[in-house]
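Asker: Taken in order, these protein sequences are the chains called A and B. Once you know that position 256 of the first sequence is 255 in numbering that gives the first Met the number 0, the rest is easy, because the numbers rise by one and skip nothing. Once you know that position 70 of the second sequence is 69 in numbering that gives the first Met the number 0, the rest is easy, because the numbers rise by one and skip nothing.
Read the hints as simulated data drawn from the structure, not as lab findings. Please note that the accuracy of each hint is not assured.
A pair holds if it fits inside one copy or across any two, identical chains being indistinguishable in the list.
[Unchecked claim] Derived pair list, reagent style DSS-like, types lysine-lysine, alpha-carbon separation capped at 30 Å:
hint	residue 1	residue 2
1	Lys278	Lys139
2	Lys227	Lys1
3	Lys91	Lys178
4	Lys139	Lys1
5	Lys278	Lys227
Protein chains: 2
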Amino acid sequence: MKKIINDPGTVAAEALQGMALAYPDLLTVHFDPNYVTRADGPQKGKVAIVSGGGSGHEPLAGGYVGPGGLDAAVPGAVFTSPTPDQILDATKAADGGAGVVHLVLNYTGDILNFETAAELAEAEDIEVRPVVIDDDVAVKDSTYTAGRRGVGGAIPWYKITCAAAARGDDLDSVVAISKRVVANVRTMGMALTPCTVPHSGEPSFVLEDDEMEIGIGVHGEPGRERVKVTSADEIVATLLGNVVEDLPFESGDRTLLFVNGMGGTPSIELHLAYNSARKFLADRGIEVARTLVGNYFTSLEMQGMSISLLRLDDELTELWDAPIHTPAMRWGV
Amino acid sequence: MKKIINDPGTVAAEALQGMALAYPDLLTVHFDPNYVTRADGPQKGKVAIVSGGGSGHEPLAGGYVGPGGLDAAVPGAVFTSPTPDQILDATKAADGGAGVVHLVLNYTGDILNFETAAELAEAEDIEVRPVVIDDDVAVKDSTYTAGRRGVGGAIPWYKITCAAAARGDDLDSVVAISKRVVANVRTMGMALTPCTVPHSGEPSFVLEDDEMEIGIGVHGEPGRERVKVTSADEIVATLLGNVVEDLPFESGDRTLLFVNGMGGTPSIELHLAYNSARKFLADRGIEVARTLVGNYFTSLEMQGMSISLLRLDDELTELWDAPIHTPAMRWGV
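Here chain A stands alone, though its shape is the one from the complex:
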């Protein structure tokens, strides 16, 4: 294992300390238990949005905390769900009196721990509403989930849900918008290489020099199939073919196309894949109205990508375009 770290046990905490020092104008980082809140929070009268998950998926979720973004993010240990007490403290710190939405990616541990935290928060008179995303079309159940996994679609889901809260929507309305994104976004990913969790020191799986895993999970858990590496055009056709068929997306649909790097894939390959994806969608009459390309939901140093497609309507487009000012996303302000 070759990594720029000091101690496998303190990787997540030291990276959080780095974030605290790097973005003091945006973030307040709390330790023991660990969570991240807006430096200017809580926002009185605004619906608060809280999310989280295992570390190792940076910039998720701390990178999305700030005006127009999340009110709080709760990082677990690497590839490990945050604990109920972390989530509870973050929920209390984020609450501005208008209720709290928990954005939960569909992993069994996350579902359970967010549920427990929500019950504890309700006992303290904070209204909490969960919304769960399960956008991965690759597999029905997985090592870590009952049902589909929550993967790259989480990024536009965060952006749009948070924008609805930022413009002043009430709890019901924010939840409705958030569920509309879930209903309209689909994702599928692939990997060329595994990643290594610092604490284990061993690669999460083994791929031969000419193999890739299609439908990979973000923890390196198995996907749909292991095949020989093919061309970017063929990889994209496999991923987007499944994505388009699933919703289904249809000719005339207006979409946001998101090519996400898994952490170790260079920008040049992501933009090349984006070009392949545009050709694939153009051939099917699917319009790409908005774009995101980059490392926005990673799996440590894994090489690979996921492709997400979100069917837009005017309101979702407007909320996507709304200002955001966070470490990982910043526009319009």
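Starting from the structure of chain A, add chain B where the hints point.
Answerer: Chain B only, in chain A's frame:
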């Protein structure tokens, strides 16, 4: 070689096509010869800023084209200098009548080809002034340079030089500001893994499972020494020790600290290293007033990082903070 590509010979061109489709509001991409200009260019009466270099260092330089950024970027083939005709066409397309600054990273091929292009442009009555950056403290001469290499310091150098042009400075003033950045920025990098140029298909060098290269070049060319992998704190102390000693930076200096990923290093390690760097600098009384952490000048999928330190004054700080709206950097607008 495992990459998300179609054909090793068309990687750079297909990625450019992807950028053209991804950022139509910001960029106009020209082919044969290849270069990228501002969608709203040329800007009449503004000093134009043009840079470039080999592809494979994304988001350099196309990612920095746009308002508050470069007027044009010229990408060569992967790890290959752009040709004089590319640079000439980009220079002519960027020229707004107030002169053009060529921002050249110190590599022999780049220096020669930008010089030739400048002569050809001058023959067409465009005033061109080159500024060269050579911020790498690792080695005196290298495989690809006479003198020091131009590395990560190029990113704050771009930002600040372009901001001076954007606020309306004349050619002399922009050049003076640009040279002031060069005089005050120093960088050193390291790598845990090599990268593979698509056309060659072979890793640029070989490192054993427990080795790292200190003072690496951005093309994988040798650095200062090959040593056993140590802790993040020790790696940072080596890089920043050389950086601080070189200028030298002194107690009381106000700086911009830039931890740059080489492409394959995850965000969690970059922020952990940033934390180590802050401790190192705090111990020496060096203030960090501005921060940049991320993959801003890569070497394909290489795992590793460089650390740059720029001594700020009030004007450089103001120009760093000025609005920019490009694919890779966006703030204040």
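Asker: Each hint: holds or not?
Answerer: Structure-based check of all given hints:
1. Within a single copy, Lys278 and Lys139 get their C-alpha atoms as close as 28 Å, which meets the 30 Å cut-off; across copies the closest is 46 Å, which misses it.
2. Both within a single protomer and between protomers do Lys227 and Lys1 lie at most 30 Å apart by alpha-carbon distance, with minima of 26 Å and 10 Å respectively.
3. For the identical chains of this complex, Lys91 and Lys178 are intra-copy neighbours only, at 23 Å inside a copy versus 50 Å across copies, given an alpha-carbon limit of 30 Å.
4. Within a single copy, Lys139 and Lys1 get their C-alpha atoms only as close as 34 Å, which misses the 30 Å cut-off; across copies the closest is 28 Å, which meets it.
5. In this assembly of identical chains, Lys278 and Lys227 lie within 30 Å of each other by CA distance solely inside one copy; the values are 23 Å within and 46 Å between copies.
Figure legend: structure checked against the earlier numbered hints; every hint is met.
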